[in-house]
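> Below are the chains, spelled out letter by letter.
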Amino acid sequence: MTTIVLENNDYKKEIKQKTAKPLLWIGLVSIVMFFAGLTSAVIVSKGTAVWESIQIPSAFAISTVFILLSSLTFYLGENSLKNNNIARAKIFILATLILGLLFSITQYLAWTELYKNGVVWAGSESSAAGSYFYALTALHLLHLLGGLISLLVVSFKSMKERYNEENLLGVQLSSTYWHFLTALWVYLYLFLIFIA
Amino acid sequence: MSATHHHHEEQDFLFKYIFSQDHKMISKQFLITGFLMGFIGMVMSTLFRLQLGFPGESFWAIDFFLGSWAENGVMAPDKYLALVTMHGTIMVFFLLTAGLSGTFSNLLIPLQIGARDMASGFLNMLSYWFFFVSSVIMLISLGVEGGAASAGWTIYPPLSALPQAIPGSGLGMTLWLVAMAIFIASSLLGSLNYIVTILNLRTKGMTMTRLPLTIWAFLVTAILGVLSFPVLLSAALLLIFDRSFGTSFYLSDIYIGGQVLEHSGGSPILFEHLFWFLGHPEVYIVLLPALGITSEIVSTMSRKPIFGYRAMVTSILAIAFLSVIVWGHHMFVTGMNPFLGAVFTFTTLLIAIPSAVKVFNYITTLWKGNIIFSPAMLFSIGLVSTFISGGVTGLILGDSALDINIHDTYFVVGHFHIVMGLSAIFGMFAGVYHWFPKMFGRMMNNTLGFFHFWITIVCAYGVFFPMHFLGLAGVPRRYYTNSEFPLFENMIDINELVTWFAIVAAFAQLLFVFNFFYSALRGPRSSQNPWRANSLEWTAPVEHIHGNWPGEIPEVHRWAYDYSKVDENGEYISGEDFISQVVPLGPNEKDGGH
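These protein sequences, in sequence, are chains C and R.
Residue numbers for the first sequence follow this note's numbering, beginning at 9 and rising by one.
Residue numbers for the second sequence follow this note's numbering, beginning at 2 and rising by one.
Honestly, the hints are just simulated from the structure, not real lab data.
Treat the hints with care, since some could be wrong.
The following label-pair restraints were derived from C-beta to C-beta distances [unchecked claim]: (1) LYS26(C) with GLY552(R): 18 to 26 Å; (2) ASN338(R) with ILE203(C): 17 to 25 Å; (3) GLU146(R) with LYS165(C): 42 to 50 Å; (4) TRP501(R) with THR184(C): 54 to 62 Å; (5) SER245(R) with LYS165(C): 33 to 41 Å; (6) PRO551(R) with ALA146(C): 48 to 56 Å; (7) GLU497(R) with ALA146(C): 47 to 55 Å; (8) ASP254(R) with GLU121(C): 28 to 36 Å; (9) TRP368(R) with THR184(C): 32 to 40 Å.
Below, a list of computed lysine-lysine pairs in the DSS-like style, where the Cα atoms sit at most 25 Å apart [to be verified]: (10) LYS29(R) with LYS20(C); (11) LYS24(C) with LYS369(R); (12) LYS205(R) with LYS29(C); (13) LYS21(C) with LYS205(R); (14) LYS24(C) with LYS29(R).
All C-beta atoms in this analysis are idealised placements derived from N, C-alpha and C, irrespective of residue type, glycine included.
All chains, please: the whole structure from these sequences, using the hints.
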C-alpha cells in the first residue's frame with residue numbers, strides 16, 4: 009500500500025481540545041452508574057435481609073467539611089488562573105491538594121472509629137450493612153486517589169507556571185473530576201445517614 | 002510535508018500494527034481477536050453438542066481438543082459445565098460485544114461521520130489492549146486447577162460465591178471475574194470514545210438526522226454500555242468481596258457438606274437484580290449494531306432509501322429505553338411479587354412494538370427494490386428472519402404466566418440463540434462481507450459467501466428450532482445428559498439431529514475463515530465505491546491513511562439514503578441510481594432525512 013500523508017497533521021491536537029471535556033463527562037456518567045448500582049444494592053439488601061442500623065462515625069462529618077472546602081479552593085484557584093493571577097492560583101491549588109489529603113486521612117480515621125464500634129468489614133462478625141459502609145466509602149476513596157494524582161500533576165504544573173488564562177484544559181479537567189467527587193461524597197454521606 | 006512523510010515511512014511495525022492508535026487498525030484488531038474468540042467458543046459448543054447428542058459415547062474430537070478433561074474421549078461432567086459457561090461468556094461478551102461493536106464502531110464511526118479519527122486514539126488503543134488482556138486471562142482460566150468457571154455465563158451465587166462449592170468455583174471463577182472487570186474497562190473506554198466522537202466530531206453538514214442508521218445504532222449501543230456495564234462491575238466487585246474477603250453481600254445462612262458457613266444476612270437475588278440490569282441491555286448492546294448494519298446494507302442493496310428513517314431512529318431509542326426497565330423478566334421464578342412480575346411483563350411486551358417497526362421497515366425497504374443478493378445482503382435478510390422468529394418466542398417468555406412453565410428449559414436456549422445469537426452474528430457477517438473492501442482494499446469471494454450463508458442459515462435453524470420443542474417437553478438447560486431421565490427418552494433423537502446440524506454449521510464457518518484470509522491477501526482489488534453506496538466512508542481512498550481523507554474532510558449535503566432518486570420526469574437525478582452524501586442538493590431537491 010502506498011502511504012498518502014496529510015498536508016496538515018495537526019488534527020490530533022484539535023480533536024483533543026474538542027473532546028477532552030465530553031470524554032470526562034461521559035466517564036463521570038459511568039461512575040455515577042457504578043455507584044447507583046452499589047447504592048441500589050444497599051436498598052435491595054435492606055429490603056430482603058437482616059439489617060442492622062449503624063452509628064455514623066463522627067469523622068465522616070469532618071471529612072465532609074474538608075472535601076467541601078477543597079472544592080471551594082479548587083474553584084478559587086481555577087478562577088485565579090482565568091484572571092491570570094498565577095501566584096494566587098498556586099496557593100489555592102496547593103491548598104486543595106492538602107485538603108484532599110486531609111479528607112483521605114479522616115476517612116481512615118472514620119474506619120477505625122467504625123471498627124471500634126464493632127462494625128467489621130468481613131467474617132462471621134460482619135453484617136451486610138457494615139460491609140456496605142466500608143465498601144461504599146472505600147470505593148469513593150479509590151476514585152479520589154485518581155483525583156489526587158491528577159491534583160499532584162496540576163499542582164506540579166502550576167508551580168512550574170505552565171498554566172495561564174489560555175492554557176487551562178488540564179486544570180479544568182482535574183477540577184471537574186474533583187467537584188464530581190465532592191458531590192459524590194455528599195450523596196454517599198446523605199445516603200448512609202438517611203437510607204443505610 | 003516532507004518531515005511528516007518521513008515520520009510515516011519510518012513508523013515501525015510495532016506502532017503500525019500492535020500499538021496503533023488509528024481507528025481502522027484498531028477495528029481490524031478487534032475483528033481478528035473477536036473472531037478468534039468466537040471460533041474457540043464455537044468449537045466448545047460443537048464439543049458439548051457431541052455429549053448432548055450422543056451422551057457417554059467416546060469421540061476422537063473430544064479426546065483431541067479436551068485431552069485430560071475427557072477420559073477415553075468422554076467429556077467429564079464438570080468440564081461440560083465449564084464449557085457451557087465459557088461458551089456463553091465468550092460468545093456474548095468477547096465475540097458479540099467487543100468483537101462486533103469494537104470492529105464496526107471503530108471502523109465506521111469516523112469514516113461515516115467525516116472525522117479524522119476517534120476522540121482519543123490513546124483511549125481507543127487502551128480499549129483494545131484491555132480487551133486483549135481480558136481475552137487472554139479468560140482463556141488461561143480454562144487451564145487452571147479445577148477448570149474454568151462453571152456456574153453458567155450468568156455466574157449466579159452461591160455457586161459462584163463459594164470457592165469450595167464445585168471445582169469450577171475456584172481459581173477459574175476468580176480469573177473469570179478478573180477478566181470481566183478488565184473487559185468492562187475496555188468496553189467503557191470504547192463507549193466513551195464512540196459517544197464523544199459521534200457527538201463532537203461530525204463533519205460540516207452532518208446533522209444528527211443525516212447520520213447513517215449504523216451510526217445511530219452504534220451511538221445508542223455505546224450509551225447503553227455506559228449505563229449498564231458499570232452496574233455489572235459493581236455486581237462483580239461485591240462478588241469478589243464475598244469470594245475472597247469473607248463478606249456476605251450475596252450469601253445468607255448456608256451449609257456446605259453439612260458444615261455451617263459463617264456467612265449471613267446477604268441475598269443471592271440481589272446479584273440477579275444487578276446482573277440483569279446489565280444483562281438485559283446487553284442483549285441490545287449485542288443486537289443494535291447488527292440492526293444498524295442491516296439498515297445500511299438492506300437500503301444499499303435494494304437500491305432504495307431506507308423506509309421510515311425517523312421511525313428507525315425512534316425505535317432504536319425506544320428499544321434502548323425499554324431495555325433498561327425489563328430486567329425482572331429474567332427473574333419471574335425468584336419469588337418476585339406477582340404484581341411486579343406483571344409490570345415487567347408489560348414493559349417487556351412493549352419492546353415488541355419498536356422491534357416490529359424495525360422489521361416492518363426492513364421488509365418495506367426490500368419491497369419492490371432492485372435487490373442485489375450479495376452475501377452481505379443475504380446475511381442481512383437472514384437477520385430479519387431470525388429477528389422475527391426469535392422475537393416471537395420472546396413474547397411467550399416475556400409473559401410471566403407462560404415463562405414459569407418453560408423457565409430454564411431448552412425453549413429459552415432456542416429463543417435467545419435465535420434472536421440474539423444468530424441475529425447478531427448474521428449482522429456481523431453481513432458487516433464483514435460489506436465493509437471488507439473498506440478494511441482490506443480487496444473483495445471477498447461471492448460464491449464462497451453464498452455457500453457460507455445458505456449452509457449456515459439452514460443449519461442454524463436446524464440447531465435452534467427443535468430446541469423449542471425440547472423446552473416445551475420440559476427438557477432443562479445446562480444438564481450434562483438427559484438420557485438418565487425416562488421422561489426424556491424419546492427426546493434423544495431430536496438431540497442427535499441438533500448435534501448433526503451443529504457439526505455441519507461449524508464446518509461451514511471454515512468457508513468463511515478461508516474466504517476471509519485468502520481474500521485479505523489475494524482477493525481482487527476493490528474500487529473506491531464497490532457497492533455504489535452513498536455514505537461517506539466510500540469517498541475516502543481505498544488506501545488507509547491517517548486522518549482518513551487527504552486534504553479537507555468532505556462536506557455533507559444530504560442524508561445517506563438517496564438511492565434511485567428520480568426527478569419529476571422519472572429520470573435519475575444524478576444519472577445513476579445513487580447520490581453520494583457529498584453531492585450538493587439540486588435547486589428543487591429536498592433532503593430525504595428532513
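> If a hint holds in the structure, say so; if it doesn't, say that too.
So, going through the hints one by one against the coordinates:
1. LYS26(C) with GLY552(R): 18 to 26 Å: holds, 20 Å
2. ASN338(R) with ILE203(C): 17 to 25 Å: holds, 21 Å
3. GLU146(R) with LYS165(C): 42 to 50 Å: Given about 49 Å between the Cβ atoms, the range holds.
4. TRP501(R) with THR184(C): 54 to 62 Å: 59 Å Cβ-Cβ, so the 54 to 62 Å window holds.
5. SER245(R) with LYS165(C): 33 to 41 Å: Roughly 39 Å apart at Cβ, these two residues keep to the hinted range, so it holds.
6. PRO551(R) with ALA146(C): 48 to 56 Å: holds, 52 Å
7. GLU497(R) with ALA146(C): 47 to 55 Å: Between GLU497(R) and ALA146(C), where Cβ atoms are some 54 Å apart, the hint holds.
8. ASP254(R) with GLU121(C): 28 to 36 Å: holds, 29 Å
9. TRP368(R) with THR184(C): 32 to 40 Å: Violated: the Cβ-Cβ distance is about 50 Å, outside 32 to 40 Å.
10. LYS29(R) with LYS20(C): holds, 21 Å
11. LYS24(C) with LYS369(R): violated, 46 Å
12. LYS205(R) with LYS29(C): Roughly 21 Å separates the two Cα atoms, so the pair holds.
13. LYS21(C) with LYS205(R): Since the Cα atoms of LYS21(C) and LYS205(R) sit roughly 19 Å apart, the hinted pair holds (cutoff 25 Å).
14. LYS24(C) with LYS29(R): Holds. LYS24(C) to LYS29(R) sits at ~24 Å (cutoff 25 Å).
When each numbered hint is compared with the structure, violations occur for hints 9 and 11.
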